[in-house]
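Asker: As a plain string of letters, each chain reads:
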Amino acid sequence: MSVLERYEPLIDDVEAFSAACERPLPAAVRVNTIKTTIERAQAALAEADIPAEQTDWNPGLFILPDTSAGGNWPYVHGWLHGQEEVSAIPARVVDPQPGEAVWDCCAAPGSKTTQLAALMDDTGRLVATDNNMGRVSALRSNAERLGVTNLAITIEDSRNHSLKPFGGEEYDRTLVDVPCSCEGTIRKNPDVLEEWSYEHVEGTAGVQKGILKRAVQATREGGTVVYSTCTFAPEENEAVLDHVHDAESCQMVDFDLELDSRPGVTEWQDERFDESVTKAKRIYPHLNDTGGFFCAKLEVTG
Amino acid sequence: MSDTSTRFDRLPATDAERTVEQRATRAEVLDWFDDRFGIEPSVFEEHTFWERGAGKIWAFYGDMDSPVDIEGLGMTVLRTRQEHWKPTLEAVQRFGDHATRNTIALSREQATAFMAGDDQTLAWDGDWGYLIVTHELAGEQEPLGVGLYTYDELQSVVPKGRRREL
Numbered sequence: 017m018s019v020l021e022r023y024e025p026l027i028d029d030v031e032a033f034s035a036a037c038e039r040p041l042p043a044a045v046r047v048n049t050i051k052t053t054i055e056r057a058q059a060a061l062a063e064a065d066i067p068a069e070q071t072d073w074n075p076g077l078f079i080l081p082d083t084s085a086g087g088n089w090p091y092v093h094g095w096l097h098g099q100e101e102v103s104a105i106p107a108r109v110v111d112p113q114p115g116e117a118v119w120d121c122c123a124a125p126g127s128k129t130t131q132l133a134a135l136m137d138d139t140g141r142l143v144a145t146d147n148n149m150g151r152v153s154a155l156r157s158n159a160e161r162l163g164v165t166n167l168a169i170t171i172e173d174s175r176n177h178s179l180k181p182f183g184g185e186e187y188d189r190t191l192v193d194v195p196c197s198c199e200g201t202i203r204k205n206p207d208v209l210e211e212w213s214y215e216h217v218e219g220t221a222g223v224q225k226g227i228l229k230r231a232v233q234a235t236r237e238g239g240t241v242v243y244s245t246c247t248f249a250p251e252e253n254e255a256v257l258d259h260v261h262d263a264e265s266c267q268m269v270d271f272d273l274e275l276d277s278r279p280g281v282t283e284w285q286d287e288r289f290d291e292s293v294t295k296a297k298r299i300y301p302h303l304n305d306t307g308g309f310f311c312a313k314l315e316v317t318g
Numbered sequence: 093m094s095d096t097s098t099r100f101d102r103l104p105a106t107d108a109e110r111t112v113e114q115r116a117t118r119a120e121v122l123d124w125f126d127d128r129f130g131i132e133p134s135v136f137e138e139h140t141f142w143e144r145g146a147g148k149i150w151a152f153y154g155d156m157d158s159p160v161d162i163e164g165l166g167m168t169v170l171r172t173r174q175e176h177w178k179p180t181l182e183a184v185q186r187f188g189d190h191a192t193r194n195t196i197a198l199s200r201e202q203a204t205a206f207m208a209g210d211d212q213t214l215a216w217d218g219d220w221g222y223l224i225v226t227h228e229l230a231g232e233q234e235p236l237g238v239g240l241y242t243y244d245e246l247q248s249v250v251p252k253g254r255r256r257e258l
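Those sequence lines, one after another, are chains B and A.
The first sequence begins at 17 in the numbering used here and counts up by one.
The second sequence begins at 93 in the numbering used here and counts up by one.
Just so you know, the hints here were simulated from the structure itself, not pulled from any lab data.
Treat the hints with care, since some could be wrong.
As the list claims (entries may be wrong) - Short, incomplete list of chain B residues facing chain A, as computed with Cβ under 7 Å:
(1) 59
(2) 60
(3) 66
(4) 94
(5) 98
(6) 141
(7) 154
(8) 175
(9) 179
Said to hold, decoys possible - Some chain B residues close to chain A (C-beta under 8 Å, calculated; not the full set):
(10) 165
(11) 225
(12) 229
Unchecked claim - Pair ranges (Cβ atoms, derived):
(13) A:105 <-> B:204: 27 to 35 Å
(14) A:145 <-> B:34: 20 to 28 Å
(15) A:134 <-> B:70: 31 to 39 Å
(16) B:237 <-> A:209: 49 to 57 Å
For glycine and all other residues, C-beta sits at the position ideal for the given N, C-alpha and C.
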């Protein structure tokens with residue numbers, strides 16, 4: 017059985033799903049509103065004769081059917097950042113407000129981090145954590161290119177994240193965009209399935225649970241935690257939510273998303289999950305002609 | 093202290109509070125941006141300035157207890173502890189739209205050479221030294237990077253990692 021076949025019981029139109037997974041994904045760019053406006057970025061792309069299609073659901077996101085994201089004038093000014101459509105979902109679900117304290121606990125290379133900073137108007141405090149020195153260099157470079165100044169970067173295992181350097185203050189909102197099995201990126205990285213193994217899914221799921229637990233603990237009561245992955249595996253999605261729902265003071269909440277999606281699943285193989293995981297959203301490549309994604313919004317209750 | 097240090101020290105407000113001899117003060121940094129480029133101190137009202145290693149200054153929105161051991165705090169904006177302080181390309185792109193002097197507007201062709209890292213012969217009536225390079229994008233002059241003007245020549249000091257053939 018191929019990796020993707022294991023998810024067929026979850027999918028309503030297997031043929032469309034398989035066909036979409038085969039199609040390469042065009043480049044997409046997000047407008048960096050720290051440095052410019054959507055209108056001016058659009059004008060700069062037009063000036064450079066770069067065809068750009070504004071997405072229906074996110075006016076700051078453009079598909080570039082004919083070209084790559086870099087190597088043009090608006091890019092070198094830091095007005096644009098290469099970021100595929102589904103990657104731009106979770107920061108909008110976090111919905112950070114200017115002046116808030118926000119934690120991005122698996123931050124590098126920083127596409128979502130810099131999007132959070134822009135949504136905060138580069139004010140308040142954004143803490144970005146990653147455990148990999150090389151990837152943190154990429155994060156720092158992206159953040160500087162995009163003009164982010166409200167960002168503090170830590171290298172540590174997010175499961176042991178310390179609030180001490182930040183005066184012990186809990187976060188208003190936290191993004192938990194965890195490392196995962198990444199089948200959802202198959203349209204960008206066709207090789208991703210070659211590295212797939214069930215042992216890796218199991219090991220990764222354990223790490224994901226630990227990170228999400230720490231995120232809930234580090235976020236204030238009434239605050240928001242958003243959990244996202246680019247895998248279809250329920251072991252790394254609903255099972256993680258179910259586990260943390262039982263272990264920590266938090267609940268799943270509804271959220272709006274202007275993209276077609278399917279609810280989280282309550283059954284997978286021999287497992288049963290809490291009914292509230294249906295508030296999570298599964299995005300399959302054939303639904304909106306994007307990559308695959310999973311996103312859930314939690315409210316901290318204690 | 094080397095550049096690989098992760099210790100950040102907030103700049104002292106003024107000379108009177110200085111404990112590390114060569115460390116720039118906040119007042120000096122604000123004066124420098126104002127004197128050199130006409131960028132008013134109010135632009136940095138919400139930012140604190142930090143030194144990591146010897147001379148590299150970072151601007152961070154908000155504040156922290158100093159010193160702090162961390163991997164990054166805002167963005168690098170300025171190189172001090174040398175005769176001529178040098179702003180970073182990123183600082184110029186982020187704050188350079190507030191500049192009122194020592195900015196040089198390049199044509200598209202000149203901007204292309206500049207971003208490729210090429211030096212070019214250009215006329216300039218103003219001060220020698222580091223200039224904010226701008227060019228027109230989407231109908232307005234936009235800051236692009238830092239050039240060093242001496243002897244009828246504008247040197248591109250775009251860092252290697254930021255150079256592009258456009």
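Asker: Now tell me, hint by hint, if it's right for this structure.
Answerer: Structure-based check of each hint:
no.	hint	result
1	59	holds (4 Å)
2	60	holds (4 Å)
3	66	violated (12 Å)
4	94	holds (5 Å)
5	98	violated (14 Å)
6	141	holds (5 Å)
7	154	violated (11 Å)
8	175	violated (18 Å)
9	179	violated (12 Å)
10	165	holds (4 Å)
11	225	violated (25 Å)
12	229	violated (23 Å)
13	A:105 <-> B:204: 27 to 35 Å	violated (49 Å)
14	A:145 <-> B:34: 20 to 28 Å	violated (53 Å)
15	A:134 <-> B:70: 31 to 39 Å	holds (35 Å)
16	B:237 <-> A:209: 49 to 57 Å	holds (52 Å)
Checked against the numbered hints listed earlier, the structure breaks hints 3, 5, 7, 8, 9, 11, 12, 13, 14; every other hint is satisfied.
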